[in-house]
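Visitor: This is what each chain is made of:
There are 4 protein chains.
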Amino acid sequence: MYDTVIRNGLVVTHDSTIEADIAIKNGKILSIGARGSLKEGKTELNATGKVIMPGLIDPHVHIKHPFKDTFSQDDFYTATIAAARGGTTTVIDFAIQWDKKLNLAETVALRKKQADGQVVIDYALHVCPTKSSMDTAKELPKIVELGIPSFKLYMIYRKQGRMTDDGIIFRALEEVKNDGIVGVHAENSAIAEFSEEDYLNRGLSSPAAFPMVKPNIVEAEAINRVLYLNKCAQGNLYIFHLSTAEGLEMVAEARGKGQSVTAETCTHYLVLTEDYYKRSDGANFICSPPLRSYDDVDALWKGVANGTIDVIGSDHCGFGKEQKALGNGDFSKTPNGLPGIELRLPVIYTEGVLKKRISINRMVEALSTNPAKIFGLYPKKGAILPGSDADLAIVDLNEEREIITSNLSGSVDWSPYEGMHLRGFAETVISRGEIIVNNGVFKGKRGRGKFLERKL
Amino acid sequence: MYDTVIRNGLVVTHDSTIEADIAIKNGKILSIGARGSLKEGKTELNATGKVIMPGLIDPHVHIKHPFKDTFSQDDFYTATIAAARGGTTTVIDFAIQWDKKLNLAETVALRKKQADGQVVIDYALHVCPTKSSMDTAKELPKIVELGIPSFKLYMIYRKQGRMTDDGIIFRALEEVKNDGIVGVHAENSAIAEFSEEDYLNRGLSSPAAFPMVKPNIVEAEAINRVLYLNKCAQGNLYIFHLSTAEGLEMVAEARGKGQSVTAETCTHYLVLTEDYYKRSDGANFICSPPLRSYDDVDALWKGVANGTIDVIGSDHCGFGKEQKALGNGDFSKTPNGLPGIELRLPVIYTEGVLKKRISINRMVEALSTNPAKIFGLYPKKGAILPGSDADLAIVDLNEEREIITSNLSGSVDWSPYEGMHLRGFAETVISRGEIIVNNGVFKGKRGRGKFLERKL
Amino acid sequence: MYDTVIRNGLVVTHDSTIEADIAIKNGKILSIGARGSLKEGKTELNATGKVIMPGLIDPHVHIKHPFKDTFSQDDFYTATIAAARGGTTTVIDFAIQWDKKLNLAETVALRKKQADGQVVIDYALHVCPTKSSMDTAKELPKIVELGIPSFKLYMIYRKQGRMTDDGIIFRALEEVKNDGIVGVHAENSAIAEFSEEDYLNRGLSSPAAFPMVKPNIVEAEAINRVLYLNKCAQGNLYIFHLSTAEGLEMVAEARGKGQSVTAETCTHYLVLTEDYYKRSDGANFICSPPLRSYDDVDALWKGVANGTIDVIGSDHCGFGKEQKALGNGDFSKTPNGLPGIELRLPVIYTEGVLKKRISINRMVEALSTNPAKIFGLYPKKGAILPGSDADLAIVDLNEEREIITSNLSGSVDWSPYEGMHLRGFAETVISRGEIIVNNGVFKGKRGRGKFLERKL
Amino acid sequence: MYDTVIRNGLVVTHDSTIEADIAIKNGKILSIGARGSLKEGKTELNATGKVIMPGLIDPHVHIKHPFKDTFSQDDFYTATIAAARGGTTTVIDFAIQWDKKLNLAETVALRKKQADGQVVIDYALHVCPTKSSMDTAKELPKIVELGIPSFKLYMIYRKQGRMTDDGIIFRALEEVKNDGIVGVHAENSAIAEFSEEDYLNRGLSSPAAFPMVKPNIVEAEAINRVLYLNKCAQGNLYIFHLSTAEGLEMVAEARGKGQSVTAETCTHYLVLTEDYYKRSDGANFICSPPLRSYDDVDALWKGVANGTIDVIGSDHCGFGKEQKALGNGDFSKTPNGLPGIELRLPVIYTEGVLKKRISINRMVEALSTNPAKIFGLYPKKGAILPGSDADLAIVDLNEEREIITSNLSGSVDWSPYEGMHLRGFAETVISRGEIIVNNGVFKGKRGRGKFLERKL
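Chains as they are written, first to last, in our numbering: chain A, 70 to 525; chain B, 70 to 525; chain C, 70 to 525; chain D, 70 to 525.
I should point out that these hints are in silico values taken from the structure, not numbers from a laboratory. Some clues are possibly wrong.
The list treats identical chains as one, so a pair stands whether inside a single copy or across any two.
Claimed, not checked - Derived lysine-lysine pairs resembling DSSO-like cross-links, with alpha carbons at most 30 angstroms apart:
1. K170 with K137
2. K170 with K449
3. K169 with K211
4. K108 with K390
5. K211 with K111
6. K512 with K97
7. K425 with K211
8. K371 with K326
9. K246 with K424
10. K402 with K207
11. K524 with K181
12. K228 with K108
13. K425 with K246
14. K228 with K169
15. K207 with K425
16. K169 with K424
17. K425 with K524
18. K449 with K111
19. K133 with K326
20. K449 with K108
21. K108 with K371
22. K390 with K94
23. K108 with K97
24. K211 with K402
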């Protein structure tokens, strides 16, 4: 007898949409069968009229992320509950080398201590070195061996001590090219700093100035540069939160010339624009890279549709309204980042699929299957196959809701999507066979999530 | 009770390799389940130690293809038996407008009459107009409505009356861009003819001269041209039998710039080279485009590996030794084409997978899933999913055989792969649930195959 | 004592503007000196307030050019008078192989017979084969040896028997790459014909339809194609009358990748637009390629400014109003071509230099020095250097005139520039030391011009 | 009566080679005339059998350039004598902001004080800021107004405090785009430093390791980057001492896409290769960028031939043998730079013109006319036109010499070209009408040279 059988649903994966039932046992998918072909389960779920997707994977979240003296609000417990309610069954957070006295392995251990016992879904970590040193270069292969084959290097935040320079980026691409992947936050630090100084000098410090302080070239130059480095290194590159049409074109061309490069954009770059910075609550929308123009939004959707953009992450970084107000109207002092871990699916479904910009299969690919494939989780995660982890999201596509922050979980007291009318809410979410969200309500236990060792 | 259950095999698809059992009922796959999770079937197949793939699709075969006064040897019966023994459960042949008095629909009807009642596996047709006229342009959308959304246009064979010119190619790309795909045989007719005349004038008519008569530019120019036409038309283009590194690079770049273009190469371009033309039996290897250099072979394998080449077809065109001898040593009078419908899988497995040029999943993608997706057969064909046609190939990857023509089925009395030691032979082949090849022996009935209506 | 001294003028060449006097003897420039540094001349010309340029070279004129049963109106006598009055001291016309029974040398002889004894300025010929045969290929090097190193191949006019196909174009590029240059009329014949048939079928035969019948792709495809052929041949290519932004970009990129390619646009593509076809006299403006959009005009000016476009020719082809009316409102029956041999300088000066799109030096380069360099006439022509032919145009840049056809010489009874207010009229024109235009009036003798043998 | 007349020479300019005589008065060229057409001069020079070129311009010299505690050996007096003897009549040195407390104008004043009263030929200065600050940005336009429209920014030497970052480079390109030009030393500082640290750590400090420490990517990345910045800024860019095939290709493509960018290579990159670092005196050849491979040399010559490379400078930086030995065999401690101010002409003539890699006109263009045009000196310098400064080099192309350091002037006790057999030595050099080199011997007066104010 199966543990759980889900019947009568429409199973939607990255490249098929079929009527099928799914049987689960011991936390794994046991079999997928045509309607009515499967034996009974202890638990029977009726998914009539609903779609079943592989549980989503959010490869870009920042939990308890510091900005100056404060931290983004939600912790691993609250953030992963929000993720789970949004249909996400795996998140990949970052082990950032904030303390340069710690090596990378120690940095990872520290971060795992924060997450373990708290997360309610499975999680993994990207490692983020902040030292452009030979030590860093030498430690990278060891980190890969620890089951962490993905990295993020900041090309920006020189003054804040977070930037790693071209020397280590090039070396990192070479070091892990066979069994790892190097991601970058692609913004040119010097140009952004020079521009910021210029704007501030001229007294232009309001959020409305922010997108002009970091125009498209700030990102595009960095992408142009790192693509050249990757070409020379013959490395394996991932672009985090690509936001510009220019950058997109560069990625497409590099791929056309044979480079191994994948790209992520984020929910907000597909839906929100720089006009938000002119609103009275514009400071809330400060994030890096900034929100862009309508033309960029259009280009990004085309990129998702034609596959140039592989992944849509949330870049969740949940500063609350009070924290956002710390800048006192000065963009340079406002914490960067938007909350978004919970609404990735309904926003993309409503703006992408319902508006016919992308197919539902393409959506599943960008929200689940591709992150799994790129970061070494497939087909354990991101797939509905016998033997895969039974991570599933059951969604009633017909239900429409208005976004009201107080209905969201998480600890953040505002949402960039407040007031939108969306569809695509997960009704039931299953993680390793356990129903952790039922009727939209979280039912799981604190700390049930596990750290995922990965291999590329 | 299931009709058939295949147990203990390794299920290999285009993007996963899992241990799973497969249940079949009424010609369809009913369920896929973890080892031992499925109920009994009337027929139980034990695939221990073997892999199970979706039945292969050969999107490029020429059965009873004319050359001057003769026809390629095998007919729809013998050719499809050979296909089946090679693990192929679907072929796509051509309805070529040989008789210009017939319109395209009539041409299709004629071709179906030849195939129906003969084919032992399912088949489809590409339609191949030979008239560069307004009539052709107007009929294309009607052909799409008939369930034939794919076309092939010859950019060569002007003198033979088969070439269609840039006017109709451009128009065709525009006409069917939303629901069809235009394939081309990309060779520049004028350059090839001029070159041929030059060589023949100089008395250079031996097969050894053939690859110089049609150097890479003959193909590359045509690809460059048709890609530009497709860019302007915003069409959906398929390159048949791409054979050159130059053409490959062009396709990759066009795709990098957002074009909708897919590319096929063929078995022989991945394994044989122009050196074969210097052999005493060099005339046998005359085909168009010609076999190329080792550098081209290397480039093509890289193209298959990185996905620039989507499909590997056979371009099967089985002229026998006597027919090949009709040219009497003059390449220009020798029938063009190589037999290959039966050995696609073992050749690609041995040269590609065993030599670590591509993964086995990539092989399945190129031989089955991609042709299905590109030509409107997916997930009915090319997939192992509940509801898909139960078209499967069970392969013992460990068995090695030397290729001896007399062991092959088909009616062709020679093989380009004679003498090679290969692995990757289908042991059991199932078509719509029926075991048509058992232990390598064809067991099916003449005419059991069906014409496949398609939709993109 | 010098024959002639020109004093007090501003000498403007392709890369300098200096105050200098010029001394002429025996038809050659003898010396150039600072103001007042030269001895006396038999004839003293005072160029105070005027500029002196090297005599212009028009590398693209069609004199007595046939269209069906009629010929463009002016003959070598009247056309070259018009040229001379426009400051042009050299024209390059075409020896077109209208009679395919004649070989190229015979074709040249025939054309020279028409010109010699008639022309009032020096002239040269491009040879234009119309047969895509081996004979043509073999004769090209012999024509180069005759002092005619430049060719023109039509990629259009297949039905009219004028098109040469890709086979001979590729071969021609190879044959003369070291000592010749292959020019092309770049339009795709098949696409243009198909499109024309389509428009005519739909009853759209008015001049207003003409630019849509031959949209930019018709030219751009042909340029894309011939650039690829030239790349493979490593040839030396000239694009006649480039008219599109797309084609321009292709030429620039090809050059950036090391190709030897030069490009010409024509006066009318820089000034007139497709809107003219909507006028009641729209038929007059039928020419191939057609007039284009404002965006194309802008792009072309930028191309002239940055040097991508090397040459501005006139493509003079003077059909009169009655001839233009032969089409009776059907663009497909209207003789193609615009008169323009006389007004190249004032139109380009007024629209280009006065509007600050290009410098005056760049103008001289495009109208004189570059044609001389590209076609093997430099520094005999196109230069103001000791030893150069004393071909000079003295221009009063301040004089403005309204264009009234009856003030023009030539035999054509209309002008595309009628009504424009222009500056840049040649006051005095000197050919091999002889003042052939004085105060704007032609004073030379019929037949004084000579055929120019050339060498690259 | 003229001051000086040069008769019977062959006048070679960037685009013509003519038999002509030249008359000089008051330091200017007065007239150019056909043989025998000019009146008498007080001084008559017979140039029978010789060529006369415009005096060469060396736009890239470092005189008294510091490295740690030492300075390159020759001063403005000895270096300009060496230049003059090499046919060079104008040098452009640098005003480098070594002292960051000085602003740019003060830096210029300081440098002029060192040069004035010493130089024997005319000179100009590029200004080289070392501070990536807003102050720098604001001062640039003022420097242009001072008659110094050209700048050099180091993209390398971060640790040495000389690097300016992308912020100021981008801003500089924007600031002076209409009336100035921004040059760069294009090497990626971070990659070079990381690589150097790596090699030194591994004990690889010998000169033989040097080219591997700074492989082609170090330059190519910087060129790729600065071209993108220039594209965005729509600026006017100059690449100093381009040394790699990769960089060359990027420049060509950028130009093909419409960028305003010019490129310089240097004598040594065209003649010497990385093999020199393996010699026992390898340390002498340490320079940045390093000498490259034979393939790079070939590519660079092609670039000079086809015009992608506009200029050949010397990058003269004359450290003596003892200074070179300061590094004690450690490349990282060896002063960088090669002497070359005197031999540019014979090396390029012998290796370029005599070996038929470039024409003599192209050589004159790269050594004289282009530097004049690019840096705002034309036609005062770099031209043989009435009114130009009478700066001329008279060269006996037939005389061959073996290079022996002791025959060279300058203060440097070795030469990279020692032992080569060269032709192309200037016999007579005239600066503003004054014969400063006669029969190869310097005759001029210390301090006779003047600072040149320039305007673009």
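Visitor: Take the hints in turn and mark each one as holding or not.
Guide: Comparing the hints with the structure gives:
Proximity of K170 to K137 under the C-alpha cut-off of 30 angstroms is restricted to the intra-copy arrangement: shortest distance 19 angstroms within a copy versus 33 angstroms between copies. Taking the shortest alpha-carbon separations for K170 and K449, neither the intra-copy value of 35 angstroms nor the inter-copy value of 58 angstroms comes in at or below 30 angstroms. Proximity of K169 to K211 under the C-alpha cut-off of 30 angstroms is restricted to the intra-copy arrangement: shortest distance 18 angstroms within a copy versus 43 angstroms between copies. Neither within a single protomer nor between protomers do K108 and K390 lie at most 30 angstroms apart by alpha-carbon distance, with minima of 51 angstroms and 57 angstroms respectively.
Taking the shortest Cα distances, K211 and K111 never come within 30 angstroms of each other, neither inside one copy (44 angstroms) nor across copies (53 angstroms). For the identical chains of this complex, K512 and K97 are intra-copy neighbours only, at 19 angstroms inside a copy versus 38 angstroms across copies, given an alpha-carbon limit of 30 angstroms. Taking identical chains as interchangeable, the C-alpha atoms of K425 and K211 lie at most 30 angstroms apart only when they sit on different chains, with a minimum of 26 angstroms there against 45 angstroms within one chain. Taking CA atoms no more than 30 angstroms apart as the test, K371 paired with K326 passes in both settings, with 20 angstroms inside one copy and 12 angstroms between copies.
Taking CA atoms no more than 30 angstroms apart as the test, K246 paired with K424 passes between copies only; the shortest distance there is 21 angstroms, against 38 angstroms inside one copy. Taking CA atoms no more than 30 angstroms apart as the test, K402 paired with K207 passes between copies only; the shortest distance there is 26 angstroms, against 35 angstroms inside one copy. When the C-alpha separation of K524 and K181 is checked against a cutoff of 30 angstroms, the pair qualifies only within one copy, where the shortest distance is 18 angstroms, while the shortest distance between copies is 50 angstroms. Taking the shortest Cα distances, K228 and K108 never come within 30 angstroms of each other, neither inside one copy (62 angstroms) nor across copies (65 angstroms).
For a Cα distance limit of 30 angstroms, the shortest separation of K425 from K246 across copies, 17 angstroms, qualifies, whereas the shortest one inside one copy, 37 angstroms, does not. In this assembly of identical chains, K228 and K169 lie within 30 angstroms of each other by CA distance both inside one copy and across copies; the values are 15 angstroms within and 21 angstroms between. Only between protomers do K207 and K425 lie at most 30 angstroms apart by alpha-carbon distance; the minimum there is 29 angstroms, versus 47 angstroms within a single protomer. Taking the closest pair of Cα atoms, K169 and K424 never come within 30 angstroms of each other, the shortest separation being 47 angstroms inside a single copy and 45 angstroms across copies.
Taking the closest pair of Cα atoms, K425 and K524 come within 30 angstroms of each other only across two copies (19 angstroms); inside a single copy the shortest separation is 35 angstroms, beyond that limit. Taking the closest pair of Cα atoms, K449 and K111 come within 30 angstroms of each other only inside a single copy of the chain (23 angstroms); across copies the shortest separation is 32 angstroms, beyond that limit. Within a single copy, K133 and K326 get their C-alpha atoms no closer than 39 angstroms, and across copies no closer than 39 angstroms, so neither meets the 30 angstroms cut-off. In this assembly of identical chains, K449 and K108 lie within 30 angstroms of each other by CA distance both inside one copy and across copies; the values are 24 angstroms within and 25 angstroms between.
In this homomeric assembly, K108 and K371 never come within 30 angstroms of each other (Cα to Cα): the closest approach is 43 angstroms inside a single copy and 45 angstroms across copies. In this assembly of identical chains, K390 and K94 lie within 30 angstroms of each other by CA distance neither inside one copy nor across copies; the values are 44 angstroms within and 59 angstroms between. Within a single copy, K108 and K97 get their C-alpha atoms as close as 16 angstroms, and across copies as close as 19 angstroms, so both meet the 30 angstroms cut-off. Neither within a single protomer nor between protomers do K211 and K402 lie at most 30 angstroms apart by alpha-carbon distance, with minima of 37 angstroms and 34 angstroms respectively.
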